[in-house]
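Those protein sequences? They're chains A and B, same order as listed. Position 44, counted from 1, in the first sequence is what the numbering used here calls 44; the numbers after and before it change by one each time, with no gaps. Position 57, counted from 1, in the second sequence is what the numbering used here calls 57; the numbers after and before it change by one each time, with no gaps.
Please note that a few of the clues may not be correct.
As the list claims (entries may be wrong) - Simulated pairs of lysine to aspartate or glutamate, EDC-like, Cα-Cα distance not exceeding 16 Å: (1) B:Lys52 with A:Asp102; (2) A:Lys42 with B:Glu15; (3) A:Lys42 with B:Glu8; (4) B:Lys49 with A:Asp102.
Don't read these hints as lab results, they were simulated from the structure. Here the structure is a predicted model, which is why all the values come from computation and not from measurement.
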Amino acid sequence: EPEVTQTPSHQVTQMGQEVILRCVPISNHLYFYWYRQILGQKVEFLVSFYNNEISEKSEIFDDQFSVERPDGSNFTLKIRSTKLEDSAMYFCASRGDRGGTDTQYFGPGTRLTVL
Amino acid sequence: GNSVTQMEGPVTLSEEAFLTINCTYTATGYPSLFWYVQYPGEGLQLLLKATKADDKGSNKGFEATYRKETTSFHLEKGSVQVSDSAVYFCALYNQGGKLIFGQGTELSVKP
C-alpha cells in the first residue's frame with residue numbers, strides 16, 4: 001500500500017540554524033500539507049500546497065517558513081532560523097482529490113528538537 | 001469558526017471493556033469527520049471517517065456515527081485490546097483544505 005514517507009525521523013539543531021524537513025507524498029496525490037504537534041498539544045495545520053503554490057497557510061507559518069516541491073516526488077518544509085518554540089513533531093500529509101476524496105494520509109513525522 | 005472538542009484523557013480501561021471517546025464539533029456547512037490514531041512512536045493513521053449526517057464509519061471494531069443534531073462523532077468499540085493503546089484524534093475537514101484536530105485522547109488498555 002502506498003504511503004507517505006518523511007526524513008529524517010529526528011533532527012536536532014541549534015537555535016538560529018536552518019533546517020529542511022523532507023517528505024515524499026503518495027505518488028499520484030495532488031494536495032500536500034504540513035502540520036505540527038508540540039509535545040502534549042493538538043495537531044496544528046501549517047500550510048497546504050497545490051499546483052506548485054501555497055493554497056492556505058496558518059498564522060504560525062510566518063516568513064521563517066517556506067515550502068517547496070523541487071521535483072516530482074519531494075515536498076520540503078524549510079525553517080530559516082529556528083527558535084526554541086519550533087521544537088515539535090512535524091507531519092507531512094497528502095491527498096488525492098480526483099473525484100473529491102477528502103482523506104489526508106500522514107507520514108510518520110519528523111521530531112525537531114531546537115537547542 | 002471550525003473547532004473540535006474531545007473528552008480529556010488519559011482513559012484507562014481493562015481488556016475487553018467497552019470504549020467511548022466523545023467528540024463534538026463546531027462547523028459551518030457540512031464537514032467530513034475523521035478519527036485518526038497515533039500508536040506510540042508512530043505517525044497519524046486514519047482509523048475511520050464519515051462524510052455526511054447519519055453515516056457510520058467503522059474499522060478494526062471501532063465505530064463512529066455522524067450525528068448532525070448533536071454535532072457529535074463519538075468513537076466506540078465493544079471490546080478493547082491492549083494493542084488499542086494509543087492516542088485518538090477526532091478531526092474535521094470543511095472544504096478549506098485543512099484538517100482541524102481535537103486535542104487527542106490517550107487510551108491505555110491494561111491486561
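Status of each hint after checking the structure:
| no. | hint | result |
| --- | --- | --- |
| 1 | B:Lys52 with A:Asp102 | 12 Å, holds |
| 2 | A:Lys42 with B:Glu15 | 27 Å, violated |
| 3 | A:Lys42 with B:Glu8 | 12 Å, holds |
| 4 | B:Lys49 with A:Asp102 | 10 Å, holds |
Hint violations for this structure: number 2 only, all remaining hints satisfied.
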